[in-house]
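Chemist: One letter stands for each residue in the lines below.
Protein chains: 2
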Amino acid sequence: MEFKHLCLVRFKEGVVVDDIIQELTKLAAELDMIKFFGWGKDVLNQEALTQGFTHVFSMCFDSAEGLAACMGHEKHSAFAATFMAALDKVVVMDFPFVVAKPAPATA
Amino acid sequence: MEFKHLCLVRFKEGVVVDDIIQELTKLAAELDMIKFFGWGKDVLNQEALTQGFTHVFSMCFDSAEGLAACMGHEKHSAFAATFMAALDKVVVMDFPFVVAKPAPATA
Chain A
14 MEFKHLCLVR FKEGVVVDDI IQELTKLAAE LDMIKFFGWG KDVLNQEALT QGFTHVFSMC
74 FDSAEGLAAC MGHEKHSAFA ATFMAALDKV VVMDFPFVVA KPAPATA
Chain B
14 MEFKHLCLVR FKEGVVVDDI IQELTKLAAE LDMIKFFGWG KDVLNQEALT QGFTHVFSMC
74 FDSAEGLAAC MGHEKHSAFA ATFMAALDKV VVMDFPFVVA KPAPATA
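Chains A and B supply the protein sequences, listed in that same order. For what it's worth, the numbering used here labels the leading residue of the first sequence as 14, then goes sequentially. For what it's worth, the numbering used here labels the leading residue of the second sequence as 14, then goes sequentially.
Hints should not be assumed to be uniformly reliable.
Claimed, not checked - Partial pick of chain B residues on the chain A-facing surface, computed with a CB cut under 7 Å: (1) 39; (2) 52; (3) 60; (4) 96; (5) 97; (6) 100; (7) 104; (8) 107; (9) 108; (10) 110; (11) 116.
None of these hints come from the bench; they were simulated from the model. Glycine is no exception: its CB is placed at the ideal position from the N, C-alpha and C atoms.
Work out the full structure: start from the sequences and follow the hints.
Modeler: So this is what it looks like as structure tokens:
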């Protein structure tokens, strides 16, 4: 079962979000324990539902130990300081991911 | 590109979460436009990070139209009323999902 690290964020005004995403993508490419990285920007903009959050970042690990190794890595620490300083609000969830309906097989 | 519907929730006290998850799993199995359904429960319990949210539910669709068709389906409406009544707090994000580091191929 994979272990997920999920962040919902709203960035401070003036933050160049593309730069942050580029740095995150670089970090994910460099750290082997990060098995998957994806992100999205809410497009429905229903404030009552999003509570003001705008972006989702999702990383997958083989286990909670993989996440811990990532969090403890100096490259993550260096990035995290910049990242957290750019945020207006954030929620982070860490969980083993249960697949209840698998995606259909693709060619 | 897949379209994701993500919910972070905290349930009201007394709610039988397993029942809700079972109903959601049934709904996902019944509705063809739901291409994937997964969920997780935060295990690190760092209140400063989770903001009190405990569970994540993630559904995937082929497109925003797939999501809209699901939201408009009577089976979803029937479930949504029960679901929302069981929640203490909720954030919902809807977004095209950008895969920046794909998962390694598995056998």
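Chemist: Are the hints correct? Go through all of them and say.
Modeler: Hints and how they fare:
Interface restraint check: residue 39 of chain B against chain A, minimum CB-CB distance 10 Å, threshold 7 Å, status violated. About 5 Å separates the beta-carbon of residue 52 of chain B from the nearest beta-carbon of chain A, less than 7 Å, and the hint is met. A hinted interface residue such as residue 60 of chain B counts as satisfied when its beta carbon comes closer than 7 Å to some beta carbon of chain A; here the least separation is about 11 Å, so the hint is violated. With 7 Å as the threshold, the beta carbon of residue 96 of chain B stays out of range of chain A, its nearest partner Cβ sitting at about 13 Å, so the hint is violated.
Because the closest C-beta pair between residue 97 of chain B and chain A is about 11 Å apart, greater than 7 Å, the hint is violated. For the restraint placing residue 100 of chain B at the interface with chain A, the shortest Cβ-Cβ distance is roughly 12 Å, beyond the 7 Å limit, so the hint is violated. Hint status for residue 104 of chain B: holds, given a least beta-carbon distance of 5 Å to chain A, under 7 Å. Residue-level restraint check for residue 107 of chain B holds (minimum Cβ-Cβ distance to chain A is 4 Å; threshold 7 Å).
Hint status for residue 108 of chain B relative to chain A: holds, with the closest Cβ pair at about 3 Å, below 7 Å. Against a cut-off of 7 Å between C-beta atoms, the interface hint on residue 110 of chain B holds, since the closest Cβ of chain A lies about 5 Å away. Taking 7 Å as the C-beta contact cut-off toward chain A, the hint placing residue 116 of chain B at the interface holds, the least distance being around 4 Å.
When the structure is compared with the earlier hints, violations turn up for hints 1, 3, 4, 5 and 6 and for no others.
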